[in-house]
Amino acid sequence: MAEVTIRDLRKSFGPVEVLHGVSIDIAEGEFVVLVGPSGCGKSTLLRMLAGLEHVTSGEIRIGDRVVNDLPPKERDIAMVFQNYALYPHLTVAENMAFSLTLKGAPKAEITSRVKPAAEILGLSNLLERYPRQLSGGQRQRVAMGRAIVRDPQVFLFDEPLSNLDAKLRVSMRAEIKNLHQRLKTTTVYVTHDQIEAMTMADKIVVMHDGRVEQIGAPLELYDQPANLFVAGFIGSPAMNMLTGRLADGGFVTGDGIALPVARPPAAAPGGPVVYGLRPESMHLGGEVPLRVEVVEPTGSETHVLGHIGATEIVGVFRERVRAAPGEEIRVRVDAEATHLFDAGSGARLSA
Amino acid sequence: MAGSSRGGLIYWLTESRNGLGLIFMLPAAVFLLCLLTYPLGLGVWLGFTDARIGREGIFVGLENYIWLFNDSVFRLSVFNTIFYTVVASVLKFGLGLWLALILNEKLPLKNFFRAIVLLPWVVPTVLSALAFWWIFDSQFSIISWVLMKWGLISAPINFLGEPWNARWSVIAANVWRGIPFVAISLLAGLQTIPQSLNEAAALDGATAWQRFRRVTLPLLTPIIAVVMTFSVLFTFTDFQLIYVLTRGGPVNATHLMATLSFQRAIPGGQLGEGAAIAVAMIPFLLAAILFSFFGLQRRRWQQGGSD
Ligand SMILES: Nc1ncnc2c1ncn2[C@@H]1O[C@H](COP(=O)(O)OP(=O)(O)OP(=O)(O)O)[C@@H](O)[C@H]1O
Ligand SMILES: [Mg+2]
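Residue numbers (our numbering), protein chains in the order written: chain A, -16 to 334; chain B, 1044 to 1350.
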């Protein structure tokens, strides 16, 4: 276990810079999730941590060592690859024991470390199989087993669940989380799935185009998104964005519909403002007109697609909505749960 | 299936799976029979006769083989062939693998070098043999000239004139010609190994040598088996290079079975004896093929499905 500090890390491939100064502090034993859209540089950052990519500038510390120029084998890091990267010519047991075999560890020690790891992951009766003879989920567990046996300072995961089906993904999510609670090893986990990020992380790092947009606990990002990108990225269905301006201590959309604001920002800008409205912060009965287009009951809640003025809106209601398409219903907006952003910079207008 | 009705057989041939299969196989079978079996059979038959050029032979049983067995030149050619094949194949494998590993690294002008490596293989054998003939010339050899300039030797080396010099020289020429095939095939094999396996091994603490020894090499063995089988077969049956460079000389020191067979059969006119020498190569070739057959068998880790 160790803390990891990343300071102003930059990476260029030839003339193209793909990471533009990333700084992240990861505490000992913390489970950090890097999340962001495809191509934002998550894998690159992870591979730099592992020592598989050269650092262009900046600093990476693991524990109290600067590891910028250390080769992977000296960093004491285990990584689970997106395609698992199991050695096809070795059995499950040999795969898991590979690092120990390299060190020339005695047979007794190898068994005493592989066995418990296999038990934790439910691989005990697959130990003699070859990777080809395993299902995707089993391979994923072997890849994790190989990492666990190492007992490293830091675990790195690069989208380990993206090849699994939806159901297995949910159960593996819980398993990984469970494992972390048991082992308490510092973990950096990459995903582009914000639900995975929300459910697993102690701390989420939202990345976009090679920059860190916001770092915080899952609910912090949900409640206080620092900018429009984070606001739109975290939460599902995504936050509704209405453009308009502040007037008389409230918000008025471009087409003149008034929406409530909890605490208008002190220095209200005269320019355009974006009003962030979470789908789940709307309730039936109120004075905001919502023109319904599609109603999707899911059982526990009802999704409504429609328009407020000219803006397309998604609403999630706990109540059962009975409205025909084209009908206009009135909704109440939970003012405490709304967000205001500067339309120009995208930054949050803090109350 | 049974031909109970009148059109039974025709129906079976044209409509059933096996019947159609038979029909479709027929052209290939006839082709193989005419083009492979006939010449091969004729060769084997000639080996049991005392045929000469211009004279039909009569069956003499194993006489040719008994005679060859007591012929010191033939026995020397067997030794030469085995020596030539083993040494050249080992060198081709070692150097070819080394070259493949280098070409698989990220280096500038990679494609240019890959193309260059293929050159020795692309030039016609006779042409490269002629070039080597000149390089190995007893008076004008460039190697001798350079070594003399450096003051390492005082007189030109008689490359093709001394038995052991000649053996090593033809091996060098064969290796030079054969490396591209091995190197390019192994390079293709290396490129099928996912980069992430090497990265995983590096993270698991493997040194460069351990990565090669425990990841790359085991994953490459199926391809090595194929490539080296072909390489051994080509080398064992080599003819052109020797014939242009030494014609089997000096004093039969570089005669391979293939060249001796030709020498006895065509210029020497002893068709039966030449054929017998060629037939004597078959057991060796079969051994090589069997060896690769077992080497090539899919290893357990390559098999999917049940356990
Ligand atoms: N070896 C490389 N050479 C050049 N550009 C690269 C290289 N590897 C990555 N990139 C570029 O760097 C950027 C970040 O890539 P990266 O793989 O880190 O994205 P990612 O966030 O992991 O995306 P995904 O979610 O799709 O895996 C991309 O624009 C990509 O094109
Ligand atoms: Mg990636």
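The hints are simulated quantities; they were obtained by calculation from the structure and are not laboratory data. Where is the CB? At the ideal position from N, CA and C, for every residue including glycine. Be aware that one or more of the hints could be misleading.
To be verified - Cβ-to-Cβ under 8 Å is the rule here; a few derived chain B residues that face chain A: (1) Gly1204; (2) Glu1205; (3) Pro1206; (4) Ser1239; (5) Glu1242; (6) Ala1243; (7) Leu1246; (8) Ala1249; (9) Gln1253; (10) Val1258; (11) Leu1262; (12) Leu1263; (13) Pro1265.
Now the hints, each set against the structure:
{"no.": "1", "hint": "Gly1204", "result": "violated, 50 Å"}
{"no.": "2", "hint": "Glu1205", "result": "violated, 47 Å"}
{"no.": "3", "hint": "Pro1206", "result": "violated, 45 Å"}
{"no.": "4", "hint": "Ser1239", "result": "holds, 4 Å"}
{"no.": "5", "hint": "Glu1242", "result": "holds, 5 Å"}
{"no.": "6", "hint": "Ala1243", "result": "holds, 4 Å"}
{"no.": "7", "hint": "Leu1246", "result": "holds, 5 Å"}
{"no.": "8", "hint": "Ala1249", "result": "holds, 5 Å"}
{"no.": "9", "hint": "Gln1253", "result": "holds, 6 Å"}
{"no.": "10", "hint": "Val1258", "result": "holds, 6 Å"}
{"no.": "11", "hint": "Leu1262", "result": "holds, 6 Å"}
{"no.": "12", "hint": "Leu1263", "result": "violated, 10 Å"}
{"no.": "13", "hint": "Pro1265", "result": "violated, 10 Å"}
Violation of the numbered hints given earlier is confined to hints 1, 2, 3, 12 and 13; the remaining hints are satisfied by the structure.
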